[in-house]
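Residue-level listing of the chains:
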Amino acid sequence: MNIVVLMKQVPDTWSERTLRAADNTLDRDAADAVMNELDEYAIEEGLRLTEAHGGEVTIVSMGPEKATESIRKALSMGADKAVHVSDEALHGSDALVTSAVLAKVLERAGFDLVILGSESTDARTGVLAAMLAERLGVPQLTFASKVDIDGSAIAIHRLADYGYDTVEGTLPAVVSVVEKINEPRYPSFKGIMAAKKKPVETLTVADLGIDPAQVGLAASATEVVEWAKRPPRAAGVVVTDDGDGGTKAAEFLASRKFI
Amino acid sequence: MLAEHSGETVKKVTTELLTLARSLGEPSVVWTGPGAEGAKDRLAEFGAAKVYVADSADYDDYLVAPKAELLGQLVADKAPAAVLVPATAEGREVAGRLAVKTSSGVLTDVVGVSGELVGEQSIFGGAITVQSRVTAGTPIIAVRPNAVSPSAAAGAAVLEPVSIAVTDAAKTARVTGRVAQERGERPELTEASIVVSGGRGLGAGENFALIEQLADSLGAAVGASRAATDAGWYPHQFQVGQTGKTVSPQLYMAIGISGAIQHRAGMQTSKTIMVVNKDPEAPIFELADFGVVGDLFKVVPQLIEEIGKRQAG
Ligand SMILES: Cc1cc2nc3c(=O)[nH]c(=O)nc-3n(C[C@H](O)[C@H](O)[C@H](O)COP(=O)(O)OP(=O)(O)OC[C@H]3O[C@@H](n4cnc5c(N)ncnc54)[C@H](O)[C@@H]3O)c2cc1C
Ligand SMILES: Nc1ncnc2c1ncn2[C@@H]1O[C@H](COP(=O)(O)O)[C@@H](O)[C@H]1O
Numbered sequence: 001m002n003i004v005v006l007m008k009q010v011p012d013t014w015s016e017r018t019l020r021a022a023d024n025t026l027d028r029d030a031a032d033a034v035m036n037e038l039d040e041y042a043i044e045e046g047l048r049l050t051e052a053h054g055g056e057v058t059i060v061s062m063g064p065e066k067a068t069e070s071i072r073k074a075l076s077m078g079a080d081k082a083v084h085v086s087d088e089a090l091h092g093s094d095a096l097v098t099s100a101v102l103a104k105v106l107e108r109a110g111f112d113l114v115i116l117g118s119e120s121t122d123a124r125t126g127v128l129a130a131m132l133a134e135r136l137g138v139p140q141l142t143f144a145s146k147v148d149i150d151g152s153a154i155a156i157h158r159l160a161d162y163g164y165d166t167v168e169g170t171l172p173a174v175v176s177v178v179e180k181i182n183e184p185r186y187p188s189f190k191g192i193m194a195a196k197k198k199p200v201e202t203l204t205v206a207d208l209g210i211d212p213a214q215v216g217l218a219a220s221a222t223e224v225v226e227w228a229k230r231p232p233r234a235a236g237v238v239v240t241d242d243g244d245g246g247t248k249a250a251e252f253l254a255s256r257k258f259i
Numbered sequence: 001m002l003a004e005h006s007g008e009t010v011k012k013v014t015t016e017l018l019t020l021a022r023s024l025g026e027p028s029v030v031w032t033g034p035g036a037e038g039a040k041d042r043l044a045e046f047g048a049a050k051v052y053v054a055d056s057a058d059y060d061d062y063l064v065a066p067k068a069e070l071l072g073q074l075v076a077d078k079a080p081a082a083v084l085v086p087a088t089a090e091g092r093e094v095a096g097r098l099a100v101k102t103s104s105g106v107l108t109d110v111v112g113v114s115g116e117l118v119g120e121q122s123i124f125g126g127a128i129t130v131q132s133r134v135t136a137g138t139p140i141i142a143v144r145p146n147a148v149s150p151s152a153a154a155g156a157a158v159l160e161p162v163s164i165a166v167t168d169a170a171k172t173a174r175v176t177g178r179v180a181q182e183r184g185e186r187p188e189l190t191e192a193s194i195v196v197s198g199g200r201g202l203g204a205g206e207n208f209a210l211i212e213q214l215a216d217s218l219g220a221a222v223g224a225s226r227a228a229t230d231a232g233w234y235p236h237q238f239q240v241g242q243t244g245k246t247v248s249p250q251l252y253m254a255i256g257i258s259g260a261i262q263h264r265a266g267m268q269t270s271k272t273i274m275v276v277n278k279d280p281e282a283p284i285f286e287l288a289d290f291g292v293v294g295d296l297f298k299v300v301p302q303l304i305e306e307i308g309k310r311q312a313g
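One line per chain: the protein sequences are A and B, in this order.
Here the first sequence stands for residues 1 to 259, numbered as in the working numbering.
Here the second sequence stands for residues 1 to 313, numbered as in the working numbering.
With the rest of the complex left out, here is chain A (with noise of 0.2 Å):
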């Protein structure tokens, strides 16, 4: 079987994350840069299903340069071969953009399966997978807790407010994750000599065949118009429990009307 896994490298949540001043776009210096969290979960699951039903696992990254460190990590952890899609010209790209450029990867590549996370930490569009399902012409099986594959047949766990709704469709597929889905694994010493030696495919948006004008900042169909820090929130009041806290606090609420 054929897995490719998205992966994106974010800005560390722990970090202060900001934008430029100068084009709005996310700074992408300001903060440690990490591999998304939730794609650690699609690359675990794409191992397991290998594991499972044999087969390779390509990831596949779109961002700058910096990025290579993140598909080191990847690919440390298992996986097979990469593909980063590295170009200025993809500077700013939104979503629609992104996944213009990520299903023309996949068609190049080919896939059974494509596994990603159901949301990154600096974006959180939450939209990606159900833009490639769209594009691939694929079943899109998104928010999955759990994957199940019998031949071409693939069944999901889809995490829902009440519980999870159980969903079928057939390969080829979309499949996106919540971290629910498994335990990642932490890269091996053994992984990470591996890694070294395996084949890391970089592209230019024009090895795609996409005209660079066509994606980036420019190309994209939204933009941040203006932002600002969020003004902090007015000091509140704290009080230490001296067997009254209780108390206290129904006063709190009472004084807000919400008892």
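I should point out that these hints are in silico values taken from the structure, not numbers from a laboratory.
All values reported here derive from a predicted model rather than from experimental measurement.
Heads up, the beta-carbon is just placed ideally off N, CA and C, and yes, glycines get one too.
There may be inaccurate statements among the hints.
To be verified - Coverage of chain B stretches by chain A, computed from C-beta distances (three or more under 8 Å per stretch; other residues unrestricted):
#1 100-108
#2 117-126
#3 131-142
#4 170-177
#5 287-301
Place chain B with the ligands on chain A using the hints.
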């Protein structure tokens, strides 16, 4: 705008979307599946002018694609100024597919929209507020539940059946079952006006009963930190935060939660925040409108008792 409903029952987010849509123009509701007749009065009460009804069961039986297909057809036929969807998991996915179909920009998780269709979004866990707009196609805007307070205004809510059959191409991901897990009668997490969340401070899964009791005394939903869901103390779908749900209730209560940045990302925009934590240095106190430094096992039972007294009296 796409209605979210369960049978005839109009979800609160739908009334929020109607309220917002009214400030931008004349709202037409898109209703999928059965129930429109029974919902008509409610939709009228919030100012729906028209209700496009596509009552096929396919919209519930197949994931996302049929709804996007329907909206795509309506966008082509009616040329709306914008399409609003709820920023729920499904709503955002519908938005994504519709964006591809119509080559339009999509704004997700919007908390407000101005007359010029500039959407306000809160990013990086609420640290930054951005104003964005769609520059190509029909603006598709996914609005975060609880961001708008619903207000009534009479509308005609004229039901207009649409006879667009769902194509086979949109019927590739079939919903074969819906499995409800423990949830009881509490409101939905993202829709609730009060959310009571518990964290590692609870110490054990069975102690979540205390959180549930407090929640029930207020008619609130229950949430949990990731430390609590990862420990298996509470089901994962109730996790609040960056990798869980984003909530913006009128009142958020954080009980035994330290307030890590990833947790704050999911609740920072709540209108009022109350905290109970025994560590006065816990970062969650920075957000608190009212905080109690103390042992939750003492403070919460007393609070529940006081609420009971006040509600009885
Ligand atoms: C990429 C990423 C994504 C994440 N996503 C999320 C997310 O979506 N949601 C989320 O919540 N976290 C998320 N986290 C985890 C987050 O960093 C924290 O680890 C987590 O929020 C901590 O949960 P907690 O506050 O319950 O536990 P702790 O940080 O352990 O805090 C427990 C608190 O309880 C207090 N306490 C203990 N006993 C009592 C008592 N008897 N009475 C009163 N107070 C008491 C303690 O003083 C402490 O402040 C994420 C982390 C990463 C790296
Ligand atoms: N530039 C990218 N390269 C590869 N995968 C991506 C990229 N952007 C998003 N993804 C994937 O899409 C998922 C959802 O991202 P988003 O739609 O940005 O919330 C992520 O978890 C990744 O798996």
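Evaluated hints:
As drawn, the region 100-108 of chain B meets chain A at 8 residues by the rule of a beta-carbon pair under 8 Å; at three or more, the given contact holds. Using a Cβ-Cβ cut-off of 8 Å, 6 residues of the region 117-126 of chain B lie near chain A, which meets the minimum of three, so the contact claim holds. Counting residues of the region 131-142 of chain B whose C-beta sits closer than 8 Å to any C-beta of chain A gives 7, which meets the bar of three, so the coverage hint holds. Against chain A, the region 170-177 of chain B contributes 6 residues with a C-beta closer than 8 Å to a partner C-beta. That satisfies the three-residue criterion, and the hint holds.
For a cut-off of 8 Å, the count of residues in the region 287-301 of chain B with a CB near a CB of chain A stands at 13, and the three-residue condition holds.
Taken one by one, the earlier hints all hold for this structure without exception.
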